Amino acid sequence: MPPVSTPASAPSASVPVASDSAAFNSRDLLVGGSALAALISATPYLSRPIMMHAEDFAPLLDSVSDILLPGSLSTQPGAYLASVIPREWRGLTLSYVKTVSHWLNRHAQGDFLSISFERRFAVLTALDTATFDGAAAETGESDAAMDAETAEAWTILKRALLTSFYTSQKGGSGDLAFNLVPGRWDADIPLAQAPRPLSNDWLAIWFS
Amino acid sequence: MTYDFDAIVVGSGISGGWAAKELTERGMRVLMIERGRMIEHQSGYENEMKAPWEMEFRGYGDAKLLAEEYPVQSKGTNFDEYTMDHFVNDADHPYQTSADKPFQWRRGYQVGGRSLIWGRQCYRWSDYDFGANARDGHGTDWPVRYADMKPWYDHVESFVGVNGSMEDMPQLPDGIFQPAMPLSAGESLLAKQIAAHYGDRRLIPGRSANLTEAKEGRSACQYRYLCARGCSFGAYFSTQSSTLPAANKTGRLTLLPDTIVAKIETDPRTGKAVAAQCIDANSKETSRHTARMFFLNASSFNSVGLLLRSASDTAPNGLANSSGTLGRYIMDHATAVAGVATIAGLDDHTYYGNRPSNFVIPRFRNLEEAHPDFVRGYSYQGVGIRANWPRGVHMPGVGADFRKTLSEAGEWRILMVAFAESLPRADNRVTLSDKLDKWGLPQLHITLHHGENERALLRDAAAEAKIMLGMLGGKMLISSDEPDLAGSAVHEMGGARMGRDPATSVVNGNSQTHDVPNIFVTDGAAMSSSACQNPSLTYMAFTARAAAFAVEQVKAGLL
Chain Z
151 MPPVSTPASA PSASVPVASD SAAFNSRDLL VGGSALAALI SATPYLSRPI
201 MMHAEDFAPL LDSVSDILLP GSLSTQPGAY LASVIPREWR GLTLSYVKTV
251 SHWLNRHAQG DFLSISFERR FAVLTALDTA TFDGAAAETG ESDAAMDAET
301 AEAWTILKRA LLTSFYTSQK GGSGDLAFNL VPGRWDADIP LAQAPRPLSN
351 DWLAIWFS
Chain F
235 MTYDFDAIVV GSGISGGWAA KELTERGMRV LMIERGRMIE HQSGYENEMK
285 APWEMEFRGY GDAKLLAEEY PVQSKGTNFD EYTMDHFVND ADHPYQTSAD
335 KPFQWRRGYQ VGGRSLIWGR QCYRWSDYDF GANARDGHGT DWPVRYADMK
385 PWYDHVESFV GVNGSMEDMP QLPDGIFQPA MPLSAGESLL AKQIAAHYGD
435 RRLIPGRSAN LTEAKEGRSA CQYRYLCARG CSFGAYFSTQ SSTLPAANKT
485 GRLTLLPDTI VAKIETDPRT GKAVAAQCID ANSKETSRHT ARMFFLNASS
535 FNSVGLLLRS ASDTAPNGLA NSSGTLGRYI MDHATAVAGV ATIAGLDDHT
585 YYGNRPSNFV IPRFRNLEEA HPDFVRGYSY QGVGIRANWP RGVHMPGVGA
635 DFRKTLSEAG EWRILMVAFA ESLPRADNRV TLSDKLDKWG LPQLHITLHH
685 GENERALLRD AAAEAKIMLG MLGGKMLISS DEPDLAGSAV HEMGGARMGR
735 DPATSVVNGN SQTHDVPNIF VTDGAAMSSS ACQNPSLTYM AFTARAAAFA
785 VEQVKAGLL
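In the order they appear, the protein sequences are chains Z and F.
Sequential numbering of the first sequence, starting at 151, is according to this note's numbering.
Sequential numbering of the second sequence, starting at 235, is according to this note's numbering.
None of these hints come from the bench; they were simulated from the model.
The model shown is predicted, which means the values in this text are computed figures rather than measured ones.
One should not assume that every hint holds.
Straight-line Cα separation of at most 30 Å, DSSO-like style, residue types lysine-lysine; simulated pairs [unchecked claim]:
| hint | chain 1 | residue 1 | chain 2 | residue 2 |
| --- | --- | --- | --- | --- |
| 1 | Z | LYS320 | F | LYS638 |
| 2 | F | LYS789 | F | LYS384 |
| 3 | F | LYS298 | Z | LYS320 |
| 4 | F | LYS449 | Z | LYS248 |
| 5 | F | LYS298 | Z | LYS248 |
| 6 | F | LYS284 | Z | LYS320 |
| 7 | F | LYS284 | F | LYS518 |
| 8 | F | LYS335 | F | LYS672 |
| 9 | Z | LYS248 | F | LYS309 |
| 10 | F | LYS449 | F | LYS284 |
| 11 | F | LYS298 | F | LYS335 |
| 12 | F | LYS426 | F | LYS709 |
All chains, please: the whole structure from these sequences, using the hints.
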């Protein structure tokens with residue numbers, strides 16, 4: 151995987167911007183903590199004596215979540231994931247987070263959280279693209295394979311971030327509908343006339 | 235001799251509830267003993283109405299805790315953070331099994347047992363099933379045929395409330411149904427394709443114990459699919475919603491939760507069972523309760539375990555085990571995800587609500603023509619859904635467009651799971667281990683390996699699934715013919731098989747043990763073959779039939 155190009159200027163119009171001002175302020179305030187994480191992640195010698203805890207990565211998780219799913223910051227993904235990482239929720243461990251952090255910092259050529267939002271978006275997009283290109287490479291469809299360890303780590307973290315958002319009230323009853331008592335089974339309805347999909351379409355959740 | 239009760243029912247799950255209902259309604263004073271705690275209907279369903287964000291782990295549970303204390307229970311259907319208190323803690327209830335191919339013993343120790351968490355699919359067995367052992371020589375011949383069972387299927391379906399469609403398929407007899415839960419658009423498309431291309435098979439709505447019409451104080455299904463959390467609407471059949479209220483209504487039921495039956499005691503002079511020796515699950519204090527007769531409904535393997543534990547000087551190898559077959563010939567359907575595929579060209583159709591059922595493609599192999607590669611058959615159960623937000627894990631995407639995509643209905647997917655018949659084999663068995671549980675009782679050792687016939691069935695099922703799903707014009711995502719671990723189907727059966735000959739079977743055609751006439755085994759332990767349909771409805775029918783017989787025997791002075 152070649153180094154990711156991270157343009158200093160704002161990329162194309164499709165790149166999202168921070169979803170709200172509160173989110174922007176939170177990110178600014180959290181840079182300091184992430185710098186320590188980045189340093190340790192990038193320095194094997196230092197990583198041995200200093201014990202990193204899940205909460206140390208909360209700023210990074212907040213930032214990644216808000217890039218992945220703009221607007222998700224208000225659900226406090228970093229704090230939530232930090233609280234459940236010790237219990238390996240959705241398979242997420244600190245090791246996976248560190249692996250992703252290391253990749254992001256390396257491709258940010260420094261502290262991921264210290265670069266601009268646009269550059270962070272580009273780096274994370276590159277990670278995601280490389281992960282799926284890597285999957286394609288295994289089937290012979292692409293030569294752009296990335297290391298399996300990082301691809302696995304990002305897949306696990308992405309799953310945890312998606313789950314964190316869509317099982318929060320904002321994601322589960324905002325983007326999608328939530329109705330514990332639908333009261334009816336409409337077996338075949340035109341999509342155009344259908345209510346929004348249910349975040350509690352349990353079978354679909356299990357089989358997706 | 236005077237007895238504390240006319241009958242003791244061991245276990246309060248699907249068949250135990252039926253035994254209590256039928257016996258009390260026929261005038262018997264019944265003690266129903268349940269090893270687990272009481273769960274009251276409605277007020278006891280603690281997580282029924284909770285949203286993910288109201289749960290500490292958003293419904294997925296504490297993964298470390300699950301790995302440490304629920305390693306078996308947590309790996310199967312219907313288990314999640316909302317429902318985990320309806321399953322046993324594996325650490326508290328250990329058992330022994332093969333290290334290489336462990337049996338997945340999924341259990342629910344509480345009043346209601348697994349009736350709270352079952353899959354609710356209800357299918358009659360046909361003479362293809364009751365005649366199977368006689369036809370190909372595997373196992374011992376059932377002493378009953380469909381004609382014997384039909385009135386009892388009618389009886390239990392009328393009370394349970396089973397939704398389904400009349401199909402006139404001899405391998406899956408029609409019953410007394412409430413209106414079916416219709417197929418989704420994706421499922422209907424597959425049904426049409428199958429009907430157009432095959433003369434030997436059909437895709438039909440599943441038949442489930444969920445009410446589509448209100449019935450006797452129970453509400454119609456609200457399409458929540460929260461069944462395993464417990465249903466305050468009473469819309470699916472469970473002990474709590476259905477049989478327990480009926481038995482309580484007679485005034486002749488005594489329910490004793492938190493009590494483990496350690497042993498059935500027999501009178502050496504008469505050879506009859508006289509008492510249940512019990513241990514309080516919490517205090518470990520012992521108690522003894524006498525009765526005229528005993529119904530074992532503790533779940534297939536626990537009923538077998540109880541008989542094995544009840545060995546005595548006159549029955550050194552276990553009670554009702556003069557045949558030496560007690561514990562042998564256990565079965566569980568061999569399952570595999572035969573296929574998952576997407577559907578092309580149906581994106582403008584969707585559905586609304588949570589249907590708590592599925593479709594079924596009934597068995598089509600070895601009905602009139604013998605297949606060269608295997609005996610018996612398999613059926614499929616499946617669902618057609620539109621992918622939801624978790625699909626985002628498996629697709630590239632970051633940012634606002636990605637979030638917008640995940641807020642919309644995803645592609646159609648059809649899932650087909652094959653359920654292959656399990657042949658009864660003597661070396662698949664339950665025995666008593668030399669390891670003890672915390673009540674000092676021997677743990678069970680369970681050995682159940684699928685054989686070549688089950689593997690051949692699943693190979694054919696996967697190959698046929700790929701062909702059928704291929705007609706949908708989508709992409710094949712998964713297809714497997716490798717059987718899941720035994721026990722995964724949660725259809726464990728056998729160990730006290732029914733047969734005509736006391737030398738080769740444990741219970742007779744009336745579910746009565748050959749050796750001890752006042753012991754009846756009417757849960758899955760008594761099954762002599764496994765068919766490829768879900769077995770619970772048949773347990774219910776056997777239980778109701780045996781209860782009627784037992785009461786006749788009492789009235790005739792024979793018990």
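Tested hints:
| no. | hint | verdict |
| --- | --- | --- |
| 1 | Z/LYS320 with F/LYS638 | holds (14 Å) |
| 2 | F/LYS789 with F/LYS384 | holds (24 Å) |
| 3 | F/LYS298 with Z/LYS320 | holds (27 Å) |
| 4 | F/LYS449 with Z/LYS248 | violated (56 Å) |
| 5 | F/LYS298 with Z/LYS248 | holds (20 Å) |
| 6 | F/LYS284 with Z/LYS320 | holds (15 Å) |
| 7 | F/LYS284 with F/LYS518 | violated (35 Å) |
| 8 | F/LYS335 with F/LYS672 | holds (25 Å) |
| 9 | Z/LYS248 with F/LYS309 | holds (28 Å) |
| 10 | F/LYS449 with F/LYS284 | holds (26 Å) |
| 11 | F/LYS298 with F/LYS335 | holds (23 Å) |
| 12 | F/LYS426 with F/LYS709 | holds (19 Å) |
Going through the hint list in order, the structure does not satisfy hints 4, 7.
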